[in-house]
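Based on the hints, put chain B in the right spot on chain A.
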Amino acid sequence: MGGRYVAIWFTHLVPDHMIRRRPELKNVPFVLSAPVRGRMVVIAVSTAAAAQGVSAGMVVADCRAIMPELEVLEHTDGAELQLLTAIGEWCIRFTPVVAIDRPGGLLLDATGCAHLWGGEGRYIDDIVKRLQGFGYHIRICMADTPGAAWAISRYGKPGSIIGPGEQQHVLLPLPPAALRIDEATVQRMEKLGLRSIGSVIAMPRSALRRRFGPLLLQQLDRAMGVEREVLLPIQPAVPYTERLPCLEPIRTAEGITIAIQQLLTALCKQLESAGLGMRKCMLKCYRIDGNVQQIEIGTVRPTRSAIHLQQLFALKIVTLTPALGFELFVMTAVATEEITVEQSALWDGVAHDDGAIAALLDKIGGKIGADSIRRYVPAAHYWPERSFRQADTFATEPAANWRMNVPRPLHLLSKPELIEVTVPIPDYPPMLFYYKGELHNVKKADGPERIEQEWWLSDGVHRDYYCVEDEHGARFWLFRSGGYGKDDVQWFLHGFFA
Amino acid sequence: MNPVVEHTDLIKHLQKEVIRLQGGGVAQGIVQRRVRCGPIEQAFPGRVFPTGAVHEFISHKPNDAAATNGFMAALIGQLQDEQGMCLWVGIKRSIFPAALQLFGVDPGRIIFISPDKQKDVLWAIEEGLKCKALAAVAGELKGLSFTESRRLQLAVEESKVTGFLHRYQPATENTVACSTRWKISSIQSITGGMPGVGYPRWDIHLQKVRNGKPGRWQAEWVNSGFNFIQRPAIVIAQQQLKAG
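Residue numbers (the numbering used here), protein chains in the order written: chain A, 1 to 498; chain B, 1 to 244.
For the record, the hints were derived by calculation from the structure and aren't laboratory data.
Among the clues, some could well be false.
So the derived list for chain B, only partly shown, Cβ under 7 Å to chain A, looks like this [as the list claims (entries may be wrong)]:
(1) Gly-70
(2) Gln-188
(3) Ile-190
Residues from chain B that keep clear of chain A, each with C-beta distances beyond 10 Å, as calculated [to be verified]:
(4) His-7
(5) Asn-69
(6) Ala-133
(7) Gly-143
(8) Ser-186
(9) Arg-216
Quick reminder that beta carbons are idealized off the backbone N, C-alpha and C, glycines included.
Isolated chain A (complex conformation) (with noise of 0.2 Å):
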């Protein structure tokens, strides 16, 4: 075990935040209120409210009774969330498991994060500091279990720390309700005399189970450190990420070079242990205004090398804006792979070296696109368009050869155009062809050589194709698609000869 979880509750979440964005309301107090089953209810109140009573759940003629000068504003749906979430991404900062826990509050797994604050006294501290710095008010507490810490934050003293092993006896004096059970329970349980959490651990197991069903035991266990709960990180935990908070806010090309550097040196490292290279790598830059940028560098084949991924980034280090600056940079390898122990070159300086080819498409991939990087292999067929494909990866080898018994033109058109003629006879290359207004007569021809479509990928008719070559000696690859009598003939230009 060994875990250390803190809990955040935001006693007035969302009025906090409203005082924050509207600084005008930082002295009126107002609540939020929406409709239920016909009556305007309040939803959430401000600190200034509560401080006279308001509650929420009462309704605001009630309250407009209490307090003439309330201001009621509305609701929205899903404010709440979106504020947890926003503000458990900006907790991402003190460790890297954030749950979700509502209403109003965050789970954080700390176990092994707090020494780096110098202690849980400071950790704690620094949190408390820069969420109120916001303007939110905030009960927090420290324990060896989520539910402890739940329950310590809602019920007991804030802002205490619970040692490890020592949330038994905090938990006795707790009412039940710290337990986070449903209403119906703590209400039956009120009834009963159980007032807390004492006085229902005293009670049989299996009493408890009969009257209150398995979630209480369950919750119960939890709390007191007996089961593992397991929490929802907001963003799932990966593998292959290093974090570098800064001290200063980062707002130079060189000190995000810097900070690259180092990302990259450590996550080469864990790499390396793992026998791993790293195929696609993201960087996101965390801004000090909440903004958050990202780059992305992909390579042609697995690798860990620190220096060449660094060029990578450096190419697009100009396309991040830091105004203020950074203060929070996270390196994660998105897609990883095998590599195979690289063997050390016989010889310097032969031009043998894929590494260095890699290194150079992965720069022009980079800057340009990975898809304008193609090589080709052969594909066994005889139409000329799919006569070759593009190759998948780096390190494809042909499954078959070049077809080389038939001449074929060095320039291929991706689309054969148009041409007039005259011909002869049927069957017979034309003796003369008009291509782009331009008369050519033909002096020498080779053909025809007839592919046929491939009925089993696209219907259309045959083509017979010509090597011609006119009076100033430019050779051209001409086809007729059908042949006479019962196609409609049409004469193209495919290529050009060397």
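Frame of chain A; chain B shown alone:
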């Protein structure tokens, strides 16, 4: 000792040194394959095809563009060994990969880069020329300013990679800082009375060559090798070179 002989020796030595500094001739210290191109070699300084330099090709008609790319592929095929990779950069790919094999190039060893913008083409060519692991870089582009070509020349002087720039229909044939300027056009093939189309046949016009003699040849590409047609090469006067 005759002081005149001594001086000519010294001048010859200095000329060699200048050629080496200018990036001409064969790159020193790196084992590279020699490009064999018959009588054309006589035109180059030191009588070897300059590797580790940038060569410029200009074409205007689609057929001549194909012929130029064919000639470039023939040279690249000789520069590339079994494992050597080559970069072919251009906005639109026009090369039919299957046909490259005819010119002694394994199509699988060519990496095609097709950026959307002219600026990125130049950038990709420059990055490729800086990469020592490549055998050659071929680039297809339109315009090229002197400054841009100077950058490419500086890149190859460092890396000793050979670059081939093919300018198709440039607005002006402006002077650039490349070692050579070629114009390749396709001419009628010879079939010797047989029907059909003969071997690819080109008119090779070496318009400019740094520290060499420009000239004009006719050649056929037969069975993975040049077959030069015996004809007196038209050697262009040195005067014109200076003017260009």
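Hint by hint, here is what the structure shows:
1. Gly-70: holds (3 Å)
2. Gln-188: holds (4 Å)
3. Ile-190: With a closest approach of 10 Å, the Ile-190 (chain B) hint is violated.
4. His-7: holds (38 Å)
5. Asn-69: violated (6 Å)
6. Ala-133: violated (4 Å)
7. Gly-143: holds (19 Å)
8. Ser-186: violated (5 Å)
9. Arg-216: Given that every Cβ of chain A is farther than 10 Å from that of Arg-216 (chain B), nearest at about 15 Å, it holds.
In this structure, the hints that do not hold are numbers 3, 5, 6, 8, in rising order.
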